[in-house]
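From first to last, the protein sequence lines stand for chains A and B. Counted the way full-length UniProt numbering counts, the first sequence spans residues 1 to 411. Counted the way full-length UniProt numbering counts, the second sequence spans residues 1 to 303.
Careful, some of the hints might be misleading.
As the list claims (entries may be wrong) - In silico SDA-like links for lysine to any residue, alpha-carbon gap of 20 Å or less:
#1 A:Lys-411 to B:Tyr-45
#2 A:Lys-411 to B:Phe-269
#3 A:Lys-235 to B:Glu-157
#4 A:Lys-90 to B:Ser-61
#5 A:Lys-403 to A:Ala-221
#6 A:Lys-411 to B:Tyr-147
#7 A:Lys-259 to B:Glu-80
#8 A:Lys-90 to B:Asp-74
#9 A:Lys-90 to B:Gln-58
#10 A:Lys-403 to B:Asp-74
#11 A:Lys-259 to B:Tyr-45
#12 A:Lys-399 to B:Ser-61
#13 A:Lys-403 to B:Phe-76
#14 A:Lys-411 to B:Leu-125
#15 A:Lys-403 to B:Arg-78
#16 A:Lys-259 to B:Phe-76
#17 A:Lys-411 to B:Phe-233
#18 B:Lys-65 to A:Ala-221
#19 A:Lys-411 to B:Phe-51
None of these hints come from the bench; they were simulated from the model.
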Amino acid sequence: MGVRRRLVAAIGGLGLLAGVAACGGGDEPEGASGKLTLWQYYGDPSSPTGKPLYDLVKKYDDARPDVTVDVRFIPYDDFNRTLLQSAAAKELPDVALIGAFDTATMASAGIVQDLGERVGEWGQQDKYFKTSWATTQVEGKTYGIPHVADAYAVYYNKQLLQQAGVQPPTTWAEMETAAKKLTAQGRTGLAISGIEGPEGATVPIIRMLAAGASIDKVDSAEGRAGLDQLARMIKAGSISKGALTWNEEDAKNQFANGKAAMMINSATYVNILRKENPKLQWDVALLPKDRTGQTFLSAENLAIGATSTNPDGAWDLITWLQQPAELQSYLPVRNKLAARNDVPDSSNDPVRKVFAQQLEEAWAPDEKLAPKASEVMTHLQAALQASASGSASTEDALKAAQKAIDDSLAK
Amino acid sequence: MAITVPQERLLTSRTTLRRNNAAEYLFLVPAVLFVGFTVLYPLAYNVVQSFQDVGIAQIVSGQAKYVGLDNYADQFGRPEFWESFGISLVYTGGTVLVTFVAGLALALFFHRDFPGRNVLRALLLLAWVLPTVVSANVWRWLLDGTYGLLNTVLGTEIFWLGAPSTAMIAVVLASAWSFAPFAMILLLAGLQGISGSLYEAARIDGAGAWAQFRRITLPLLKPVSLTTVLLCFISTFKTFDTVFLMTQGGPGGATEVLPVYAYKLAFSFYKFDVAAVATTMLLVVPVVLSVFYFRSLRKEELA
């Protein structure tokens, strides 16, 4: 009797385990219930960067009574890793809002679906800026729809520039002189983010592009000219040595509390500066030029998860979100620019106009570079770090970076 | 002492013993499953992955080719790997040294009786209890070049985390700061185990404080000290959060310890296979050290 009871219990236990496993499988077609999942890294509903998206999705929810969208916020640092793990578990979201430069990686790994046929029927691909659209392309196939775009430009403190009798610089040579003039007791001329890793590579990339360098061939006269100047400005103190430990938020704080007269940053901080530092008098200018004045494109694409059970629903959500009429009111609140050229900006905001103009000259890694963008950018930041701290000459730093880049791209 | 038990009784008692054991072992099942799934399986999976060709596509498909020792050959042939290994050793060595010295000093201090001792000791333990995210960020703020408290106090403008040498010192101090209270507790327990009569006898023989410390405290504290050093080494060697939060491995890779190096390989570069090699090394080094430790401990017991 005793043994039998134990046996029954054991079998019952096994059955329970099996039941749990079956539930985890989720074979049930989700389309029936009209439920969609959307993963993003903008923020939670209470944050200024997250709320606009939740509001926009709620509008969609209200417009489609038979559908509910479950929006999930995953912080940026964990986002790609979570997507990967979910892909391995075959539990990807229906829609994922992914980094534009990560799209190629996600596509080649089979994490997001080919949208070619749907896009063909939709026929709106020509409405998008070329650089934005290019980030969705891998081997002639389309793996996402650009959601928003963002560009980098120069923020400057009007008061400080006036006091020093300095005009917003239009060339990099002017930038160096201006930054030097603006550097005074306890204040630096220009704030940038130069932190370890990809984030700190944005300004070196902008500077090298301006010199006419190509980002996969940085060990060149152009690459050297670009990096040399940044390192020189850091050594001279016109850019704080602390920039090597700052992320973009830190650079913004330096500018916001008057510790830096200028900063190179994205449009993300426009509303934040206005709200948090209403007394600060500032404006934005186009990036200084050398041979070119290209900005770094910062953007996200909407993609459909490879294991989505409701791709039609997902596509409906994506195309609804991209309607010019919706973007028109969403983008200014979100501090982002349109990735398509048929969205009227009725905000009449001169600052937004500068960013929009800057966006016309946006750079994004090409198809060859995109899957390794994070790696290449890490190597570039290391070159800035080495040359700025004086642990290597610009020449040697770029040689080392080039070797690492070649190594990354070869695989 | 020998007890003779009739053969028959021995048999029956053995069978009941076995049956009872079977039931008792059942209660172990949840714990074994838990440890198996959360510790052993990932550990084994990681080691297996270090012998496979695993990139982002293989993670998704779940199918990876075995490549033998290729990943190890790749990593062992890379100067970055050895640089990171060396940085790990410097960081760990520095942290263990500072932790031990500070922990011993604190333990000696708290070994004496004085009013408020318990309260003070409990407050010190806070450093150890504090989540690393909090302590690492506090250190980052304290050491900030422009608005950091340290610069304000010293009247300097040094970017502690922006230069390779000072960044290493900073992460070592921050780690030692949080580990020292833990070392103190262990060493304090060791100190309390030393009989007071030894010191009394030494005093009668005319030994001074330094002689007492060198001839009695240090030798008798050796087993506890070894344990402290080993535990501290293991937890420091695998530290990721303090370093990552304070410097992200920078500047210019100066504080890129092995766990940070592995993290970058895996989650920035999506090279899971070679990252697994790095994390396997993170496992191997402490295990080898522990073996030496237990061997020396056994020798001491035999002696």
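Go through the numbered hints given earlier and state which of them the structure violates, listing their numbers in rising order. Of the numbered hints given earlier, those the structure breaks are 1, 6, 7, 8, 11, 12, 14, 16, 17 and 18, listed in rising order.
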